[in-house]
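> Given next are the chains, with one letter for each unit.
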Amino acid sequence: MKIKRDTNQGDWSDLASENMPYPRKVVSVLDPSVVFYFQDGVPAFENSKRFVVILNPKIKPFVYLKSLDLDDLGFVCVDPFLICTDYSIRIPAKDLSILGLKDPAAALVLSMVTVESNPQDTTANLLAPIVINMDTRVGRQVILDENYPVRYRIWEGLEAFEKRHKNA
Amino acid sequence: MLILTRKSDESIIIGNDIQVKVLKIQGNQVHIGIEAPRQVSVYRQEIYEQIRKENVNAVQSSDKIKNLEESLSNLKKLFPNKP
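As you go down the protein sequences, you meet chains A and B in turn.
In terms of this note's numbering, the first sequence opens at residue 61 and continues consecutively.
In terms of this note's numbering, the second sequence opens at residue 1377 and continues consecutively.
The shape of chain A in the complex, shown without the other chains (with noise of 0.2 angstroms):
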């Protein structure tokens, strides 16, 4: 199944606004009550099962991907068509198939970030992205046959963005 950018949700360039939405799958999981299930956890915390998104609107459009099974365990997320517009994945039949998959419109795709103290070394894995059924919330980090970065530098999908913005 081939998933790609949903141009209906916001960009960059409506980051500097107060106004900047979550995209749109992400405000339709708001409530922080709703458990995903990640039967296999994620890689080096195989035993965190359950997860929940937390919004905070001062990290958007970042999300922050909590563990309820481990004590401190939690991602900062970003939706990965925001930061880079030509990202299209192709999630492999067995990822499809633990979750349940059956409709492109019904996952959240959301990379996880890791945040350096120089903000322009911020990095966004592209390579494994945390894919969510939002119909039966399940969810699973996917690693992908696509050729992707683990450490794709977010600063250098803005830039890519600018040079379009000016040129368009």
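What you were told as hints is all true, and nothing was included just to trick you.
PhoX-like cross-link-like pairs, simulated, lysine-lysine; straight-line CA separation at most 25 angstroms: (1) 109(A) - 162(A); (2) 1429(B) - 109(A); (3) 120(A) - 64(A); (4) 118(A) - 1442(B); (5) 64(A) - 154(A); (6) 1440(B) - 109(A); (7) 1383(B) - 1400(B); (8) 118(A) - 1440(B); (9) 120(A) - 1440(B); (10) 120(A) - 1442(B); (11) 154(A) - 1397(B).
What the hints contain is simulated information worked out from the structure, not anything from laboratory work.
Since chain A is already given, all that's left is putting chain B on it; use the hints.
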């Protein structure tokens, strides 16, 4: 480590439901086919290790969220304002 010798088209069985088959040997490359139940994930080891490592790097505990807010507000300051 158990060491078995296999030729092209020969397999090994792990447990009762995982089959690992040598499909083709070409120079220093071996093509391997794996049949495993749905709940068993199969990855190239170096890729899997890389993902594990990056997951560990990416962990942000919720008590560090304050630092994070600062860090991210710095990040946002770098984003240009659209006229």
